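> Protein chains in written order, with my numbering: chain G, 1 to 245; chain L, 1 to 245; chain X, 1 to 245; chain Z, 1 to 245; chain R, 1 to 245; chain W, 1 to 245; chain Y, 1 to 245; chain S, 1 to 245.
Quick caveat, the hints were computed from the structure, so don't treat them as lab data.
Since the structure is predicted, the reported quantities are computational estimates derived from the model, not experimental observations.
Ideal Cβ placement from N, Cα and C applies to all residues, glycine included.
One or more hints might be untrue.
Unchecked claim - If you anchor each label on the Cβ, the simulated ranges turn out as follows:
id, chain 1, residue 1, chain 2, residue 2, range
1, X, Asp35, R, Glu66, 23 to 31 Å
2, Z, Ala51, X, Asn99, 43 to 51 Å
3, G, Arg24, Y, Ala52, 55 to 63 Å
4, Y, Asp150, W, Arg155, 39 to 47 Å
5, Y, Asp21, G, Thr38, 57 to 65 Å
6, X, Asn99, L, Gly75, 28 to 36 Å
7, Y, Asp150, G, Arg155, 51 to 59 Å
8, G, Arg24, W, Asn99, 48 to 56 Å
9, S, His143, Z, Glu63, 50 to 58 Å
10, Y, Asp150, G, Arg151, 49 to 57 Å
11, W, Arg155, Y, Asp21, 27 to 35 Å
12, W, Asp150, S, Asp21, 52 to 60 Å
13, G, Asp150, X, Leu79, 48 to 56 Å
To be verified - DSS-like cross-link-like pairs, simulated, lysine-lysine; straight-line CA separation at most 30 Å:
id, chain 1, residue 1, chain 2, residue 2
14, Y, Lys37, S, Lys37
15, X, Lys37, L, Lys37
16, Y, Lys37, G, Lys37
There are 8 protein chains.
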Amino acid sequence: MPSSLEPPWQDDNPVARPDLDRVRRKGVPEVILADRKTTAQALAIVRQFLAAQGRAILSRVPETLEARLREEFLGQATLEWYAHCRGAVLRRSDVAHSNSGGRVGILTAGTSDVPQAEEAALVCREMGCLVFSVYDVGVAGLHRLFEPLDRLVTRERVDVIIVAAGMDGALPSVVSGMVPLPVIGLPTSVGYGLGGQGLAALLCMLQTCAPGLAVVNIDNGIGAGAVAALIANGAAAARREMDGS
Amino acid sequence: MPSSLEPPWQDDNPVARPDLDRVRRKGVPEVILADRKTTAQALAIVRQFLAAQGRAILSRVPETLEARLREEFLGQATLEWYAHCRGAVLRRSDVAHSNSGGRVGILTAGTSDVPQAEEAALVCREMGCLVFSVYDVGVAGLHRLFEPLDRLVTRERVDVIIVAAGMDGALPSVVSGMVPLPVIGLPTSVGYGLGGQGLAALLCMLQTCAPGLAVVNIDNGIGAGAVAALIANGAAAARREMDGS
Amino acid sequence: MPSSLEPPWQDDNPVARPDLDRVRRKGVPEVILADRKTTAQALAIVRQFLAAQGRAILSRVPETLEARLREEFLGQATLEWYAHCRGAVLRRSDVAHSNSGGRVGILTAGTSDVPQAEEAALVCREMGCLVFSVYDVGVAGLHRLFEPLDRLVTRERVDVIIVAAGMDGALPSVVSGMVPLPVIGLPTSVGYGLGGQGLAALLCMLQTCAPGLAVVNIDNGIGAGAVAALIANGAAAARREMDGS
Amino acid sequence: MPSSLEPPWQDDNPVARPDLDRVRRKGVPEVILADRKTTAQALAIVRQFLAAQGRAILSRVPETLEARLREEFLGQATLEWYAHCRGAVLRRSDVAHSNSGGRVGILTAGTSDVPQAEEAALVCREMGCLVFSVYDVGVAGLHRLFEPLDRLVTRERVDVIIVAAGMDGALPSVVSGMVPLPVIGLPTSVGYGLGGQGLAALLCMLQTCAPGLAVVNIDNGIGAGAVAALIANGAAAARREMDGS
Amino acid sequence: MPSSLEPPWQDDNPVARPDLDRVRRKGVPEVILADRKTTAQALAIVRQFLAAQGRAILSRVPETLEARLREEFLGQATLEWYAHCRGAVLRRSDVAHSNSGGRVGILTAGTSDVPQAEEAALVCREMGCLVFSVYDVGVAGLHRLFEPLDRLVTRERVDVIIVAAGMDGALPSVVSGMVPLPVIGLPTSVGYGLGGQGLAALLCMLQTCAPGLAVVNIDNGIGAGAVAALIANGAAAARREMDGS
Amino acid sequence: MPSSLEPPWQDDNPVARPDLDRVRRKGVPEVILADRKTTAQALAIVRQFLAAQGRAILSRVPETLEARLREEFLGQATLEWYAHCRGAVLRRSDVAHSNSGGRVGILTAGTSDVPQAEEAALVCREMGCLVFSVYDVGVAGLHRLFEPLDRLVTRERVDVIIVAAGMDGALPSVVSGMVPLPVIGLPTSVGYGLGGQGLAALLCMLQTCAPGLAVVNIDNGIGAGAVAALIANGAAAARREMDGS
Amino acid sequence: MPSSLEPPWQDDNPVARPDLDRVRRKGVPEVILADRKTTAQALAIVRQFLAAQGRAILSRVPETLEARLREEFLGQATLEWYAHCRGAVLRRSDVAHSNSGGRVGILTAGTSDVPQAEEAALVCREMGCLVFSVYDVGVAGLHRLFEPLDRLVTRERVDVIIVAAGMDGALPSVVSGMVPLPVIGLPTSVGYGLGGQGLAALLCMLQTCAPGLAVVNIDNGIGAGAVAALIANGAAAARREMDGS
Amino acid sequence: MPSSLEPPWQDDNPVARPDLDRVRRKGVPEVILADRKTTAQALAIVRQFLAAQGRAILSRVPETLEARLREEFLGQATLEWYAHCRGAVLRRSDVAHSNSGGRVGILTAGTSDVPQAEEAALVCREMGCLVFSVYDVGVAGLHRLFEPLDRLVTRERVDVIIVAAGMDGALPSVVSGMVPLPVIGLPTSVGYGLGGQGLAALLCMLQTCAPGLAVVNIDNGIGAGAVAALIANGAAAARREMDGS
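Please build the complete structure, drawing on both the sequences and the hints.
Below, the structure is given as structure tokens:
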């Protein structure tokens, strides 16, 4: 930075203002998008979160950072590693994972949709929910769908279902037509040619005839997880509240 | 129809197969889109629904049809009329409006977004929810937002908030950053030039930084109402269930 | 036209050059798009086709023209009227409808897709095929699909299936994943907001995971009928040929 | 994967559910898209397919994988290698290639369209069809088209023609106007500037005036091959059936 | 206009500044787009042009204006009427139509492209060119193209060819591949669904493989005529110049 | 409204919350978009504004409303009428038009851009600025531009220039390259075919090489006027302030 | 270059014609986009600017060039380095930084928008303005915005505010609704999925309801700085001028 | 290629069919796009063209290929190297460059447009034209344009002008409004953000108000050169023909 710049210049001007209050105000924790940061930056932020809240959540962790996380923090914290989305949760040893009682189902149409689904699962779990996932049950072979879907609804009694799909994005509509629950459509950037990179999937979900489906943006697993967990935790809070009364 | 066509031709081939089972299977009633039907067709379907389920829900009712509805059904049913979206609920005199206990807040950014918000309110109410609406509190004058939003959350204790906005579509993000609840963004086809007809509003909501926001398609008030009511009714069911135990 | 224009100007320069040879060369008859022509023009062309080939096929017939067709031609020709797409086939009394032996199934996702499906049926029938249609069996209530689809395949033994769908356009993928037949996706201009007017439906079909699906443009019922009938007639020709040998 | 996650977590939750039944149910075999998988994953799936069905089909095979395929499998299986699209068919020595009797013609507008055409050919051949290909006969020099096209239709008597074209995508329309057969348009991602990457080609095919043309998505050689082979095999089945009777 | 506005306000501020110098500076006359003007405005401008240059050229003339033109000017001027594009040329009796010697060929793919082609012809003729038109020779039946095209090139010896096409827009590429002349592609707003309204036609022409093709915007018959006439007049000037030397 | 709705329903829920504070807070008055309101609604709002602020500003006034405005208010207020954009300013007789001292230049490329330019002028004038307009000086005849532009800068000493242009939208870039002033580009919905309706104009302005150009949305004359007047009034305030010291 | 080319060929045909006059004519200095040039080219241009004007401004400086700049010029010139946007200002030791008196505020919604904001700051500073920046105050946590914004307006008395935002692009509208100043929206290419890469941000700003907001293209920090500095310098010139009188 | 494939397979099926007749039939030589070929392939084709026609033209030559061309062919042929577009013309020593007499002017708006302009120049020169180029005369500093443009028209007497421009693409319209010649707009993929990569430039040219402008696709320097040279050669032929008579 040039030395001749007039104050108030960047000396008292922080580039980032972490929203440490969000988890309390909104009920949704911050997730550090690690692939947009240098290793040093990411490590600094992780230390800050571990100190302040006892937990740091990262997504899209590069290999170099993963090694450094394991090296530096494994003594003082546990590391939960989500391999498909390269997500990580570091939890200080003296901090317990809290359980909200919310219950979330997650389906994917194909195997390529698993990373996004896993990102959603990570967020739901860190918001205290139980997550029940079933992968690769897309509409090209519908017979694979019926049994797992029934199990989610009647046995696991989930409060909401996230459905991740790329390509034609047809699965969320099919699911939403079958279950008496809110469904969150999570389009993924799978697909080529016209409508590829998730465009057809997103449009198909927006155009659904099956009422009860809301969507998030393409590949926004974190957003899908946050809204689903808020829904599930609302129901869970009611269960707890009534229980306690 | 030509007389010479071979069977099986349209004689045993109905053009419409009403999904009378949906309200039971999915918890969401059918809404008759009246502007795509002739008056005669609409009246026939209304009679069918009144007979089978004691209730008929219509949206976008043309003036001619409105007159005929009042003429034919007011003796045997009550008519609730939603003027902004030209929606109607006919309820047979021997059928009570049932209350689910779900609580839904609805905000609009401007006055042009009221018809879509009202369509959402109609659906929520027919799914048994209490609805609390506040209109015209957009970001061009944010000071109008804070008090009503606080009232919805702390006094009315809504389970979910629908935010309808056209033009820049910024309000749902602002609201979602402030409340510990799931928010459903409802973009409306308000706006001109590039990004008009709701496109900018929808994209802005999909790109939100505020976690906890899911969206429906432009002008899909019915869809927003359905997913919000499913969410609210999930929480309400938990309240009832626990209460009953 | 100005009198002073040099030859060769439009005197020997016809504006239209009807492709009377197409039905022989290509196996697909011409369909007169009546809504782009004046009543007088349409009537003239109908007379020309009736004289030359004993048959005239029209689509999107305005009410005025319909009346004039009935008035002028009913003595000398039969009129088959397709009410949903306002299509008409006039056949001279001395000309028989020929049967190719091809068998085509047609499904629609909703009732709004019926006009396009009927246009496809009209073309298939005039190319000699038997047509088997089932309407309103979309993915929002999949249970309505299985029985009719099985009937088409195993009892009616169709050679190809056309699936018309608007909105999310998911039905063709679902069908194509279930039957050992080529499927022609026919997107319809049903739907609103982003992806509306058939865009989402078309993209969804182009992005299908289910192999064996090819598509035509939005609302191109005539094109869907033509390609399906060519497929069915290919199989039928093989049946006839072998039979005759 | 974190050790502390509650069951049922991914232990009993497979990421992929191969549709081993598809070739029987639908008549179209699975093609392994090798460029989205690690070498280890691809080899594992190849072994699985070779064991279960005696054949494994791969497309877009990276060089490393190609070497490993040749190394591991050449003793027990034959390898057919399609150089332009880097496709491979491994067939166990005790399994014969079966011939359906279907006949498919494939044309390309330019040399850049050959990889996609070859992918289509691969699928057709593995569905039992005879394939007749002619490359580089685009509309910039139409004189090159007429003779080969005539040969396909009258001498080789193909049941259907696939036409691959990028850039302006005009060839499928020209071909479809000339032959009494169904034509499958296969747009390729060739082209630059506005309408490039196959967009103009796809739109041009969707807008064709020549009836009898259906399309698949850009670069979807596998899809084009599957639908063409289903068409050809339908005709071939009729030939066989009649022959057998 | 408010009376209190300060000068210089619109009193000395003309809304239109006709470019009377253009025909001399650029060699292209102004064409009055009549459908954006009131009858009174159009008549005033016609009078102005007739007085200043002895000629007024109008396109898209509404029926009311046509009647008024015939009524007011037929005594003092000749009226050339182009019925398909509703274009008009009024020429004062004392002014001769000048002949530049340029020669322009015009082709259309279909009959719906004739209005745009005729607009181009009108401009070419008023820039002094001889125009040779052939209509409805599109690629769906290529056999109709060869003879007229050969005649334009070898007998009429045109300097440039305009090719008007909607739908798939394939004809200009085909023509440009066959003749040793510059070709101007004129896409027309004919077509429906994706790529409709001339989009596919324009993109197809921009993506042409056949060198020697340049394009104007959709429905810009006037622009196509202007550039073609400039080309032809350049060649004609060379012929005249050499001739005169 | 249905009688059975629970409070708080729309009784205490106004549909519109006029931002009466905006002109003080932001320095920009509200403009009533009259074409989205009934005559009765518009008149009511006009009365409200005249009472509260002594002035009412309307744009896009339908003919019926214009007549009613003249009828009802001409006794108590002056009416300034902007014919091209159908805008109106009603000013109560006891309220003076205030002059801020800001100076704004407005150029248009063509005559079709005048309505939008006039809307901008209206807003600038009501924010107290002097406005200097020059119309129809587009790039197709650049010689018309130089003199007026020089006059605006050196003689009228404007603080900012608004340049309205449709079609190719090239004029703002040309102007911005020539003057040492901020330029506001105002794209207008003039133009047809690809890039029509103002799209090309807007994109061209966004892509300008000439630094010092900022833009508003297509046809947003009111927005262009507001930002230009804020700029001019900032400079004028400095002039006044210094003057007063 | 081939030796046989006829003159006048590129010998007397410079590829670049630097606009050395721009800073005088327009008040905006040239910025060298270093990432499109080789190191040698960039160094040559820097020498040229240092010699002619005593200053060279570069943006997007690659690491190699940065090293070379420090190596070659640090003896004779000072280097101001803007780390986030990799911008550099080299100022000859005998040339002073001139102060115009203009005052510009810059806000960013997130930390990812800092590079673009810094580019704008660089340009403003080199046009003589004082810059006051506040980063990371986006709408997801609005409480962080109010205090800094108030400080900019009332204490620092800025003439104009630049607001940089990606993702939903909502911040400029919120700011523009709150302050009596012109606001320049600077959309940044931050965001993924539909509306990503700055599209939603740009559209949201174009659709703003808050009057007084104009925009530049995505990532055009230099353009935003130029127009803001022209605005601020206009006000500053008025202050100086009045002061001097 | 698999050994077991049935004939006729690719043995008698060449992948490329070079159009050796094009230069005679169409007057435009083939240009080898070298960046899509391996070095070996490119060298083979060069040999083939040198043998058959005494000349080989290449564009976008990679560095490796450039070295090989110099190595292998410099003994037997001259190499003309166009550095900006990396184009090459190899001409056998016994073959003369022929001069058609056509005259083409080429302008660019900026220095980034030079490669595309040079590609156009290369094609024009190989079609026998004299080329007169002027670079970097864009609308941000119009004063640089007038003198060179006048020189092209009045002194060099060019037959046609190519104008290459990216970003806002405004230069071709400005030029076309000033000269009595056909103008070919060549948009280049220069520009960022919305409308970047040449989109705004192309749309701006399509929307031009200045008659006499036709365009080619983004970056299609070869196409622009071909159509311009056909135009110039038409005029030159007339000059020659008349001269000879």
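> Take the hints in turn and mark each one as holding or not.
Structure-based check of all given hints:
Taking the beta carbon of each, X:Asp35 and R:Glu66 are about 25 Å apart, inside 23 to 31 Å as hinted. Checked against the given bound of 43 to 51 Å, the beta carbons of Z:Ala51 and X:Asn99, roughly 48 Å apart, stay inside it. Distance hint check for G:Arg24 and Y:Ala52: the Cβ-Cβ separation is about 58 Å, which falls inside the suggested range of 55 to 63 Å. Taken as a hint, the range 39 to 47 Å holds for the pair Y:Asp150 and W:Arg155, whose Cβ atoms sit roughly 40 Å apart.
In this structure the supplied range 57 to 65 Å is violated for Y:Asp21 paired with G:Thr38, their Cβ-Cβ distance being about 42 Å. The supplied range of 28 to 36 Å is broken by X:Asn99 and L:Gly75, whose beta-carbon atoms lie about 55 Å from each other. Judged by the Cβ atoms, the range 51 to 59 Å given for Y:Asp150 and G:Arg155 holds: they are separated by roughly 56 Å. The given range of 48 to 56 Å is respected by G:Arg24 and W:Asn99, whose C-beta atoms sit roughly 52 Å from each other.
Checked against the hint of 50 to 58 Å, the C-beta distance between S:His143 and Z:Glu63 comes to roughly 56 Å, which is consistent with it. The hinted window of 49 to 57 Å between Y:Asp150 and G:Arg151 holds, with their beta carbons roughly 56 Å apart. For W:Arg155 and Y:Asp21, the Cβ-Cβ distance of about 22 Å falls outside the hinted range of 27 to 35 Å, so the restraint is violated. In this structure the hint that W:Asp150 and S:Asp21 lie 52 to 60 Å apart at CB holds, the actual value being about 58 Å.
Our hint of 48 to 56 Å for G:Asp150 and X:Leu79 holds, since their Cβ atoms are close to 52 Å apart. Distance hint between Y:Lys37 and S:Lys37 is fulfilled; the C-alpha atoms sit about 27 Å from each other, no more than 30 Å. Pair hint X:Lys37 plus L:Lys37 holds up; C-alpha atoms about 27 Å apart against a cutoff of 30 Å. Taking the CA atoms of Y:Lys37 and G:Lys37, the gap is about 27 Å. The hint holds against a cut of 30 Å.
In summary, the numbered hints that this structure violates are 5, 6 and 11.
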